[in-house]
Each structure stands twice: as structure tokens, then as C-alpha cells.
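Asker: Listed in order, the protein sequences are those of chains A and B. Under this note's numbering, read the first sequence as residues 1 to 154, first letter to last. Under this note's numbering, read the second sequence as residues 1 to 113, first letter to last.
Everything labelled a hint here was simulated from the structure, so no lab data went into it. By construction, the Cβ of each residue, glycine as well, lies at the ideal position given by its N, Cα and C atoms. Please note that a few of the clues may not be correct.
No farther apart than 30 Å at their CA atoms in a straight line, the calculated lysine-lysine pairs in the DSSO-like style are these [what the hints assert, rightly or not]:
| id | chain 1 | residue 1 | chain 2 | residue 2 |
| --- | --- | --- | --- | --- |
| 1 | A | 74 | A | 142 |
| 2 | B | 67 | B | 30 |
| 3 | B | 86 | A | 33 |
| 4 | B | 67 | B | 8 |
| 5 | B | 86 | A | 153 |
| 6 | A | 87 | A | 33 |
| 7 | B | 8 | B | 98 |
| 8 | B | 8 | B | 68 |
| 9 | B | 8 | B | 86 |
| 10 | B | 30 | A | 74 |
| 11 | B | 30 | B | 86 |
| 12 | B | 30 | B | 70 |
| 13 | B | 70 | B | 86 |
| 14 | A | 87 | B | 67 |
| 15 | A | 33 | B | 30 |
Here chain A is said to cover these stretches of chain B; the calculated rule only asks that three of the stretch's residues, wherever they fall, bring their Cβ under 8 Å from a Cβ of chain A [as the list claims (entries may be wrong)]:
| id | region |
| --- | --- |
| 16 | 15-26 |
| 17 | 63-76 |
| 18 | 90-104 |
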Amino acid sequence: MKNGETLPPEMQKNELRITFLSDPLSVRRALEKVLRELCGLGTTPEDRRKVELALAEVLNNIVEHAYPITHEGKIDLRITLENQQVKCVVSDDGLPLPNSTLPVGHLQILSNDIYELPEGGFGWFLIGELADSLQYNRSGEKNILSFLIGLEKT
Amino acid sequence: MNLVAEEKNGALLITFRENRLDAASAIQFKDRMRELTQTAPARVVLDMSLVSFLDSSGLGAIVAVLKKIKQGTSMELAGLTPTVQKVFHLTRMDTIFKIHPDTEVALNQNHVL
Numbered sequence: 001m002k003n004g005e006t007l008p009p010e011m012q013k014n015e016l017r018i019t020f021l022s023d024p025l026s027v028r029r030a031l032e033k034v035l036r037e038l039c040g041l042g043t044t045p046e047d048r049r050k051v052e053l054a055l056a057e058v059l060n061n062i063v064e065h066a067y068p069i070t071h072e073g074k075i076d077l078r079i080t081l082e083n084q085q086v087k088c089v090v091s092d093d094g095l096p097l098p099n100s101t102l103p104v105g106h107l108q109i110l111s112n113d114i115y116e117l118p119e120g121g122f123g124w125f126l127i128g129e130l131a132d133s134l135q136y137n138r139s140g141e142k143n144i145l146s147f148l149i150g151l152e153k154t
Numbered sequence: 001m002n003l004v005a006e007e008k009n010g011a012l013l014i015t016f017r018e019n020r021l022d023a024a025s026a027i028q029f030k031d032r033m034r035e036l037t038q039t040a041p042a043r044v045v046l047d048m049s050l051v052s053f054l055d056s057s058g059l060g061a062i063v064a065v066l067k068k069i070k071q072g073t074s075m076e077l078a079g080l081t082p083t084v085q086k087v088f089h090l091t092r093m094d095t096i097f098k099i100h101p102d103t104e105v106a107l108n109q110n111h112v113l
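Just chain A, same shape as in the assembly (with noise of 0.2 Å):
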């Protein structure tokens, strides 16, 4: 950092804190501020790559199926930078995960039948092929995501 500059406050500590509301349009605000953020602390285009695209299909997924009956509640994110690692913890208020429990995602073969191609289903197994340690847990009426995106050594 050059002198006299400090860091936004929602940015001090290396950490970013932001709620939101649980749609698409927002959740495409969120990603924009989180990679803005980024982009001024050693990440390269590789590591943002991998944190966008993570944080967006774990969004996605909250969007789609935590806030059924309002489709609309609050997301809270925390990102934080360190031992070279970009940390996320998503949380919001919505349906716990089916059994309380990730799903694991696969690799779907594809068909040699166009007709037979999956249209869907790729979220989770792209999160897993992303992101290190994640980590899900109830707390209260709390849905708690967590994962870590290891970054490239510069």
C-alpha cells in the first residue's frame, strides 16, 4: 500500500464483510464488489477466476433453494485474505441443506445423445473441483458455508 493510503473499512483486516438480498441481480453486485476488493491485494486473474466462479454457484444455490417460500432473505458473506489463501464464509437465514449434509457433486459422463446432455446439476461438483476445505454447518437458524481458495505464489 502506498503511504497515506489506508483500506476501505469494510476491507480493514484483509476482510470483507457484506449482506445482501438473495437474488440474482444481487448476488451479480456482490461478486463485482468481491473481485473489486481482490483485484488490489496480490490476487491474480487465475485467483479471482476461482473465486468468483465458486462463490457464484454457492450463491446460486442459496438463491434457488434456501428462501423458497419469500424468495427473498438475506445472504451475509466474510471473505478473508491470508496464508495465502482467500477464505469465504457465506451464512444466511433460509432451509438447512437436504439432511444437513453437502452434497456431493459428480462429474456427469455426457452422452454421446445430445438429446440425453444435462442441462443442470453441475454447481456443486464445480465447487468441489474450486475450492479447498469446505465446510458445512447448522447453527440455530443459521445455514454456515465455508471454503478456502488457495492462491497462486506470485
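Guided by the hints, dock chain B onto chain A, whose structure is given.
Answerer: Only chain B this time, still in chain A's reference frame:
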């Protein structure tokens, strides 16, 4: 939803003029693409060079368009940026679609010297 279609070199070139194909835009994309490809051209080339981000919803929408397109029409992609490439590669969908580095290469396919 900015999708522009033009006929070029015997293909229908569709340029997606948005920078994200994600959960927020996947459904509109799918609907608009279906409208544009109703003419059943021999080849559809989708120019993705302006798209810097695609998630699994975006991927699903592209697959859905492929499935709805008339049998015999080839659907090809051009200009995949790194994040888009990453999604196609991780899911192995890059083995399903013909992918060109850019539209110029894609459209010159028919010209064999």
C-alpha cells in the same frame, strides 16, 4: 438481453453482447436464442468473446439451446474467455461443442484452400 444475429459465410453468427451469462440472465438468453435459431440454419456460431463470466446456469442455458435446435444444425462457439473456458473444461462440455478461438476462424471453416 443483447443478442445480435447475422448471416455470414453460410452460418448464422450470433453475437452475445453482454459480459455475463449467469443465473440472472440464463433464462432470457435461452428464450432469445430459441427465437433467433428458429430459421434452422446449417450452422450457428455463437460469439462469446464479450462474455467474461459464465456459471453453471449459463452453461445449462447453452446446452438447452443445443437440445432445442433443429437436428442437423451444428451449434458452435467462438471466442471463449478464460472463465468460460474453465467451466466448459471442468464439466467436459468442451468435448461436446465445437469451439473456435474466434469468429474469423469459425466462419472460414467452409473455405478450404
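Asker: Now, for every hint given, state plainly whether the structure supports it.
Answerer: Status of the hints after comparison with the structure:
1. A/74 with A/142: Holds, at roughly 11 Å.
2. B/67 with B/30: holds, 11 Å
3. B/86 with A/33: Judged against 30 Å, a Cα distance of about 22 Å means the pair holds.
4. B/67 with B/8: holds, 23 Å
5. B/86 with A/153: holds, 20 Å
6. A/87 with A/33: The given pair, whose Cα atoms are some 16 Å apart, holds under the 30 Å limit.
7. B/8 with B/98: The hint holds at about 18 Å.
8. B/8 with B/68: This hinted pair holds, its Cα atoms lying about 22 Å apart.
9. B/8 with B/86: Within the cut-off at roughly 28 Å; holds.
10. B/30 with A/74: holds, 28 Å
11. B/30 with B/86: holds, 21 Å
12. B/30 with B/70: The hint holds at about 15 Å.
13. B/70 with B/86: At roughly 28 Å apart (the allowed maximum being 30 Å), residue 86 of chain B and residue 70 of chain B satisfy the hint.
14. A/87 with B/67: violated, 38 Å
15. A/33 with B/30: OK: residue 33 of chain A and residue 30 of chain B at ~27 Å, within 30 Å.
16. 15-26: Answer holds; 4 residues pass the 8 Å Cβ test.
17. 63-76: holds (count 4)
18. 90-104: Check passed, 6 qualifying residues.
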